[in-house]
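**Student:** Sequence:
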Amino acid sequence: MDEIWLKELNKRNFAVEGEDCSKWDCAIVTISSSVLDKLTQEEQAKFQITEFKRATNEIEHWARVEEICDFFGVEDPELAGNIYIRRFKNLNLEDEMKWLDLRDVSEDIPEGFGVKVDWR
679 MDEIWLKELN
689 KRNFAVEGED
699 CSKWDCAIVT
709 ISSSVLDKLT
719 QEEQAKFQIT
729 EFKRATNEIE
739 HWARVEEICD
749 FFGVEDPELA
759 GNIYIRRFKN
769 LNLEDEMKWL
779 DLRDVSEDIP
789 EGFGVKVDWR
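Each number in my numbering comes from the position in the sequence shown (counting from 1) with 678 added on.
Bear in mind the hints are in silico, worked out from the structure with no lab data behind them. Incorrect hints may appear among the rest.
Claimed, not checked - Straight-line Cα separation of at most 27 Å, DSS-like style, residue types lysine-lysine; simulated pairs:
hint, residue 1, residue 2
1, K685, K776
2, K794, K776
3, K724, K689
4, K794, K685
5, K689, K731
6, K689, K794
7, K689, K776
8, K716, K794
9, K731, K685
What the hints assert, rightly or not - Pairwise CB distance ranges, derived in the manner of DEER restraints:
hint, residue 1, residue 2, range
10, E785, G696, 43 to 53 Å
11, E736, N768, 20 to 30 Å
12, I737, L778, 24 to 34 Å
Model, not experiment: these values are computed from the prediction. C-beta atoms are modelled at their ideal positions from N, C-alpha and C, and glycine is treated no differently.
Build out the structure end to end from the sequences listed, making use of the hints.
**Tutor:** What follows is the structure, encoded as structure tokens:
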């Protein structure tokens with residue numbers, strides 16, 4: 679874990695007092711609990727626990743089940759854990775790659791899982 683990179687990233691993403699970071703036009707990093715455990719306690723505290731968006735119909739429900747299973751690297755959504763998000767207003771492609779490097783890897787999913795970066 680490259681803590682120097684995270685310290686620099688945090689300096690670029692410091693919220694000004696009174697600023698609502700939920701309104702930042704930014705990137706959102708979503709991680710699984712196993713990836714969260716790779717971070718220091720200080721960094722873990724910067725993430726918020728959340729849920730996958732709820733489905734509004736049966737087709738969407740099964741798409742969500744597939745998304746959850748892919749994200750956690752499991753076949754049964756009951757085996758999925760918690761997810762955590764953090765917004766970044768100054769994330770760049772190098773930062774994205776460093777987050778993706780934290781993915782968990784398994785024999786079945788060598789490309790990794792447990793980290794997603796959404797650009798808004």
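**Student:** Hint by hint, say whether it matches the structure.
**Tutor:** Here's how the hints hold up against the structure:
1. Taken as a hint, the K685 and K776 pair is honoured in the structure, with Cα atoms around 13 Å apart against an allowance of 27 Å.
2. A distance of roughly 12 Å separates the Cα atoms of K794 and K776; the hinted pair therefore holds under the 27 Å criterion.
3. For the hint pairing K724 with K689, the CA-to-CA distance comes to about 13 Å; that is within 27 Å, so the pair holds.
4. Restraint check: the Cα-Cα separation between K794 and K685 comes to about 20 Å, which is no more than 27 Å; the hinted pair holds.
5. For the suggested pair K689 and K731, the alpha carbons sit about 30 Å apart, so the restraint of at most 27 Å is broken.
6. Between K689 and K794, the direct Cα distance comes to roughly 22 Å. Compliance with the 27 Å bound is thereby established for this hinted pair.
7. Restraint check for K689 and K776: satisfied, since their Cα atoms lie roughly 16 Å apart, inside the 27 Å limit.
8. Proposed proximity of K716 and K794 is supported: the alpha carbons are some 15 Å apart, at most 27 Å.
9. A C-alpha spacing of about 30 Å is found between K731 and K685, which places the hinted pair above 27 Å, so the restraint is violated.
10. The supplied range of 43 to 53 Å is met by E785 and G696, whose beta-carbon atoms lie about 48 Å from each other.
11. The hint said 20 to 30 Å for the Cβ distance between E736 and N768, and at roughly 40 Å that hint is violated.
12. Restraint check, I737 to L778: a C-beta distance of roughly 29 Å satisfies the suggested window 24 to 34 Å.
Figure legend: structure checked against the earlier numbered hints; hints not met, in rising order: 5, 9 and 11.
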